[in-house]
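Colleague: Dock chain C against the given chain B, drawing on the hints supplied.
Protein chains in written order, with the numbering used here: chain B, 1 to 319; chain C, 1 to 319.
It is possible that part of the hints are untrue.
Identical chains share a label here; the pair holds if one copy fits it or two copies do between them.
[As the list claims (entries may be wrong)] Under the rule of at most 30 Å between Cα atoms (straight-line distance), these lysine-lysine pairs were calculated in the DSSO-like manner: (1) K134 <-> K183; (2) K183 <-> K294; (3) K281 <-> K183; (4) K303 <-> K222; (5) K104 <-> K134; (6) K294 <-> K89; (7) K222 <-> K134; (8) K272 <-> K183; (9) K296 <-> K229; (10) K183 <-> K104; (11) K54 <-> K296; (12) K183 <-> K237; (13) K183 <-> K54; (14) K229 <-> K104; (15) K303 <-> K237; (16) K183 <-> K222; (17) K281 <-> K222.
Honestly, the hints are just simulated from the structure, not real lab data. All figures in this text were calculated on a predicted structure; none of them were measured in a lab.
2 protein chains.
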Amino acid sequence: MEKDLVIGIDVGGQTSKCGVVDARGTVLAQTVIRSDDTDQVEPFIASLADALNKIIADAGAEGRIRGIGVGVPNGNYYTGEVENAVNLKWGNHGTIAFADMLHKAMNGIPVKLTNDANAAAMGEMTYGAARGMKNFIMITLGTGVGSGIVIGGEVVYGHDGFAGELGHTCAVRHNGRPCNCGKTGCLETYASATGVARTAREWLDITDEPSLLRSLDNITSKDVFEAAKEGDKLALKIFEFTGRILGEKFADFIEFSAPEAIVLFGGLARAKAFLTEPIQKAMDANVLPLWRGKVKLVYSQLKESDAAILGASALAWEV
Amino acid sequence: MEKDLVIGIDVGGQTSKCGVVDARGTVLAQTVIRSDDTDQVEPFIASLADALNKIIADAGAEGRIRGIGVGVPNGNYYTGEVENAVNLKWGNHGTIAFADMLHKAMNGIPVKLTNDANAAAMGEMTYGAARGMKNFIMITLGTGVGSGIVIGGEVVYGHDGFAGELGHTCAVRHNGRPCNCGKTGCLETYASATGVARTAREWLDITDEPSLLRSLDNITSKDVFEAAKEGDKLALKIFEFTGRILGEKFADFIEFSAPEAIVLFGGLARAKAFLTEPIQKAMDANVLPLWRGKVKLVYSQLKESDAAILGASALAWEV
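Just chain B, same shape as in the assembly:
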């Protein structure tokens, strides 16, 4: 039978999304499983294989799967391993031979993996806002801050396969917030969904400023977003601060690879209306004059769940 379909899997901190995809980029069947109900990788791989077999059956795709592409935090394109993935409950035990394990669990279907942000960049380049671009930087604003860097039309993997960890570049040098990675002041401790929630809790604590957020118990970035939409001044200031931090670091990134655009994606990117202006302002204030006003700031044009599956699936055509 012709192998005319691929599978894309996006492994996230809380959930993993899987889909069967055809050559045109149509998602024929998809499902979601939990990533955080075990701290061992074996049971996770087992439930992933169950889920894949189910969607293969749903799509009538038995015998037609050419390959499986996986986007996973700290996934190594060269080795197929996941190394010290601090945001995955089962990922923080050194090196996991993820691609090999899934390959075996799926009876020999080839598996390629990369980190989730690189996969998102591939999706955006193939189907989304970066179509036709040869040089761009994808920034995913989710639980953490991920990045996929494209130079000359190719995703940058670097010497060891782990390039593009821009969420862990330093945003605040002194007294920065502790990060899951063990460092302090990383960009993702400020500019991720959790970072925005941390800013909210911190500022509510140290100021008396009235805010809709004061009535809430366990503040999330979504709460801050909703409050900002209501015109809440503190919430608006939180996005201004978040945007400034992002724009300051984007300036550094532009000075590295001179991209045509920075593409934003992920849950927090929904706060576009509140983030764009402070990002652009800080980018222009901090970048060399030659790039001022020249690098586009664009938002993903793909449906969030589809983008991750499509991006990961793009890897599978290469097997």
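Modeller: The following block gives chain C in isolation, referenced to the frame of chain B:
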């Protein structure tokens, strides 16, 4: 006659070095001219052409020059232009069609240019410490801080040809030193030869610490280097500080492109004995655990003047 030779030109803030180079990388004839005795580009191009014609005659190379490669601050590989080069006396007037002008002045010999640090990276990749490496970052520590980024064996030029301005990424976010580029806190205001001299003058001014440097009028980084060799405590602290700033930023760069090595080159790199330890320490303290102790810090193995000429000359084989 066979076009079997090329010319390499390294344009620096004070002087420009030119050489006739053969296919084996032997510099057959070379000379140096001043870059800073005019604030107009036309007379500079004229004296450059005179100098080139002289070394062509010296090398018996009339009719044998295949192309000219130029390394010049803010040189654009794609367009052959020099744009807003703040460190060049005649370069700060918008866009200069440098390659075209030199092409005409040299009676139609093809000219390719890139910035000086990219040229140095090509030299190091072809003949020096980065031979065989596909992923490395070249950092030139001279009057300013330049960088040439190599990914997958190719110099990164980016969307517009200007990628790799790591000397202008932000080292000190608040109250940083003013930079020639108009921004503040740029890496090169701390970690260049002039940055080291600034640190010395600043610290002599704000402390009472005894130092050999106190007796000097117009302190240069060379003075600080000589004092450090004498065991001068303040001078040693200055290099420790400089190394820390470099290492902190190198950590960010590693998180971007995951290089195999960072290659240091330029006048200030002679202070290797005082810089290596603080750089390495700060790199390891600030980079993600997965790269700790894994990215090599190496120093150029080429003679400084030759490296620049050879690097630039490598471009000329591509014409």
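Colleague: Report the numbers of all earlier hints that the structure fails to satisfy, in ascending order.
Modeller: 5, 7, 10, 11, 13, 14
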